[in-house]
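*Asks:* Working from the sequences, and respecting the hints, build out all of it.
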Amino acid sequence: MPESRFTVPLQWPLFSLTAVAMIIAILSVILMFEAFPKRPLPKVGFVVLGDIHEPGWNMSNYQGIQRACEEFGLPLLVRDKVPDHTGKCAEAIRELAADGCSLIILASFSYAKEARQTIADLPKVAFSTMSAEVQLRNLTSNFVRMYEGRYLSGIIAGQQTKSGVIGYVGAMPNDEVNRGLNAFTLGVLRANPRAKVIVAWTGSWQDAAKETENARRLVREKGCDVLAYHQDDAAVPDLAEAEGVDFIGYNTMLFGYSEHHLASILCRWDIYYANILRRFLREELNADRINWLGVDRGVVMLSNYSPRVDVETRAVVESARMEFLRNEVVFSGPLKDREGNIRCPSGEVIADDTLLQSMDWQIEGVEILD
Amino acid sequence: MTRHEKKMRLPRIILEIVVLLCSLLAIGLLVQHRMSELLHTSLEHSVANTSRHVCSVVMERLTRELAIMRQTANSLLNAPAEADNTFLDLQRQLPSGVSIGWMRPDGSAICGEELWRDRFPDFSQVFRGNEVISYRAGHGLLFAVPVTHQGNVQSVIWRLFDDTVLEDVFDLAEHGEAFLFLQERNSRILPKDILSAEKVAFLESAEIADGFDNVRDQLALKKSAAVLVDGPVGKHFLFGMNLAGSECAIMGHIPYTAVMGDIPHIYDLLIKVGALVLGLFAMVSIWLLIMHAKSEQKEISSREQSLHEETNHAKSAFLAAVSHDIRTPINVIMGMNEMILRKTDDAEIISYAHGARRAGESLIALIDDVFDLTYMESSGFHIAEKPYRTVSLIGDAVTMIKPEAIHKGLHFILDVDRSLPRELMGDCLRIQQIAVNLLSNAVKYTAKGHITFSVSYEPLDLEHITFIIEVRDTGIGIHEDDRSKLFHSFQRLDPMKNRHIDGTGLGLVITSELVQRMQGSIDVKSVYGQGSVFTVRLPQKIVDAEPIASKGKRPPLFQKVTGTLEASGASVLVVDDNELNLLLTKRLLERTKMQVETCLTGQEALEKLAARPYDVVLLDYMMPMLDGAETLRRAKVMPTCRKTIFIAFTADATEETRTRLMEEGFDNLLTKPVDGSKLESMLADYVSGKSGASQYLQVTEPVLDDVELDISLGLDASAGSREIYLELAGMFIKQKDEKKRALENAFLTKDWASYATLVHALKSSAMSVGGRGLIRIAEKLEKATGELTQKNLASEMEELSLTSVYAHHETLMRYTDELAMRLAEIVGNEAPKNDF
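Residue numbers (our numbering), protein chains in the order written: chain A, 1 to 370; chain B, 1 to 836.
By construction, these hints were calculated from the structure, which means they are not laboratory data. Watch out, some of these pointers could steer you wrong.
[Stated by the list, open to error] Keeping only pairs whose Cα atoms sit at most 20 Å apart, straight-line, the calculated PhoX-like set for lysine-lysine is:
#, chain 1, residue 1, chain 2, residue 2
1, A, Lys124, B, Lys444
2, B, Lys444, B, Lys386
3, B, Lys485, A, Lys43
4, A, Lys222, A, Lys196
[To be verified] Partial list, derived from the structure: chain B residues whose beta carbon lies under 10 Å from chain A:
#, residue
5, Met35
6, Arg128
7, Leu802
Positions of the beta carbon are idealized from the N, C-alpha and C atoms, including for glycine.
*Replies:* Dropping the structure here:
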């Protein structure tokens, strides 16, 4: 008897432990089972020209994509300091694709053209770019209707000018710059039909000395009392401050300037990229070849109104903005170019494709500084 | 403790089973839940994927529609002159529910219907030169393409399909078992115009609406999505997919059963089979548990069994030891008594010694009782069957009990069926024990009256009979209530009343046990205060069917030859730790003239054995230090002991012991107390060849009946001489009639003094020829008449003595005749062999 009294209590806990372990094992197998191994979140690749920590285009784009990725919880892989026309871009794209990126954003105008073959070789990867020169099934151009912002800033400039002469420092007369210049001019003319816009080309996206010189000439030679510009750096605001004239900022938030800083045209890159990501997730990103994002989507806006911009002006700007929201367009006929040719007859509207690819003219009311 | 544990085990097994079943049930439910969850998720995925294909098909149709419109736009551009007519033609061909329009960017219609720009959210895109597909619940599906000239949007054409025609044109709505409809993204508005009230109610029910909200939420970041909803009309999959390039989505639902097909049945089957397998598993587990418990129980009971056996063994050993220790002093007493009987001629001393012997015998009987019972209770007891003579069985029993009964003043009536077979097969000793037990009980519990000992039989078949022993007494009887206790160990009935009666109370227990072992039955009838009748019925096999009453075949007296041995050349070593035993044995062997040496320990014996060879060694089996077995083992290897015979002395005379001792190497064994004649006869077997071994005097084994003729006693009186004995016998026969006549006279005249003298003389004569029965009866009469001759005898005593004389006188006369008759037979038989 004593033996059995020993053996039974020894076996009982052993048996119980085994049973409990078995039950736990069964439960964990049941609970751990995943019929559909969770598909990893799609990774987003981002290729950009300069240093992402360098204020300006690079940094504002990077911050935009970063915020958008955070919004959707997508991992972001960045390849910065990828100069164009060196083949580095194709290399970066291949690397990102190898790292598992299913969406790659090319944040420079010339990348798509340069890496065309590489993009075509990766049909399962979706690409987003900013130029319309290349057409591929897996590539979509996402444009910002920045010209709508210029149109609004033009209204301010038109309202604000005393001399009726507004200076515009532009990089070069290409489609994009022309589009902005023409929209700006239309805005100016809406506020002040007798005003004119004088444009001075620098020939470069970034040439502070030339920009400063042009701006100075516009003020001193032409008597411009409001300056606007289409350049990658902020040389014009500095000159305007020095000369004591008003100016319209562009592309980045400007801080530390006086009341001469009337307003800035801003692109909300975070909204822009969020829109791209959303369409990517819905698998309809590449359904369109071209996609425009403007004031109506909140991508383009004006900010930093100077106290010198009066309420009346602000009201006019606001009503123009409301027109955009109601799908009114900037370029509706009748429109003539500088030479007096009708570019858009009355009752017609310039198509988006034309805006993108055929804006090789300056609108009536624009003068060019020799 | 065992029972307690068994009681504990049952609830524990039930608990184990309950826990097991609960776990299995829980796991089963969990598995089922998990399985259906996984199944549903999987189906949601698959429905969502399937809906993508639907989406592609629809998209294709929409794109085709756009392509047609693009073509129209081109034709309008290429032939502006005929444009109006072309368009009007188109308009005429339109089916109902479809409308078209041609309008300028400022919203004014060129041709066809006017369309308010803001009615469709995406419509304005067409004025920027983009193609548009747009849907608005209640308004329909709109297609619009720009008519572009030189990069400028000149005009726009559109085509609008009402909700009502969408079903037909784009194969929406009922689509097999599925139902499809268009909806603006992020809008809950339903195209109610085309939906039946029933359908609207279904789509607007809380569960379905919530389900679609869920789908819409998923569609914000997915191309397609599906959820399973348990709605008011069963389970349904709700699904949706975004139409790329337009701000609308195709939504739909399909019944669960349509998607599942036969899967639920298969699933049911799986669950059922799984449940059965689990059940089987549970059954097997329970079975194993039960088997486990059973084997444990078995183990315990076998352990108990072995423990029990061990205990029994220990008990046997203990009893053997006790028996030995008690028998040894009795042995000495009996032996000494035997010596007195042999050495004295004084009849009075002889009669005292006889009394002492009887007391010793009853003491041994008592020990035997105790030993028998415990021995029977332990294993190893068996009934030893061999042929026996019925007469000697009955005679022995009577011899043992009758004197007691008579002594107690009871009438002892012997009633034997004269046709009883002469020889039967059975355990004579045990049957005798049964009879003696019943008889001695009767004597014990009967104060006055008579005891009747009836022996009869009933034939069973040619070879078997039922041997019937019936003992009837006029004793105190047995209460009805007590009868059940009768055969239980250590139960004395009516203890207060019977406390003066000695005995262990084991007699009836042993009796009933023995009867059962012999496949017999025992029956009691009793009237309390009037007496009892015990009837034992035993089946026995017939060996010799000749009735006992047939005089012609009286067995020969010298049936078994024993002897008085003289062997002066033989040497005997007696080893015993009890000095008195040594003395007794030595005395018993004196007559044989053997060279007897004694020693007290095994060690001493070994020394002696090493010194010289002995013919026989009588070795006490139980000795301190070196016991009999060990002494034997050591002695056997000695060269001096090669021819030595070893006989063991043991108090324990069971078959078991005999076998064991033989195995250990003893040649034979003698039980204590040592019986002189047995000792001699046994030694004779071994030393017969020795020089000086001669003079076998043949005597008869005493055939005891009422007369109790004991020739050895007679021979003792004749100093072992046969001649003298025969002479004395002749004398007894001659004087018989004369003595009888004198006694009869004294009896009739009540001359008790003369009677006493005469009866004393008769007793002496009886002693010289060994007529024990006569001696005993003569003693009683001598004593009774002696008392009667005393003066101032109390009247009660006188009456008692008189009763005794009257009771025994007739017997004395009969015994004298019978003894004379028996002696005459001996003398007659022996006469021709006188020269022996």
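*Asks:* A separate judgement is required for each hint: does it hold in the structure or not?
*Replies:* Right, here's what the structure says about each hint:
1. A:Lys124 / B:Lys444: Answer violated: Lys124 (chain A) to Lys444 (chain B) is near 120 Å, above 20 Å.
2. B:Lys444 / B:Lys386: violated, 31 Å
3. B:Lys485 / A:Lys43: The hint is violated at about 99 Å.
4. A:Lys222 / A:Lys196: holds, 11 Å
5. Met35: holds, 9 Å
6. Arg128: holds, 5 Å
7. Leu802: violated, 69 Å
Checked against the numbered hints above, the structure violates hints 1, 2, 3 and 7; every other hint is satisfied.
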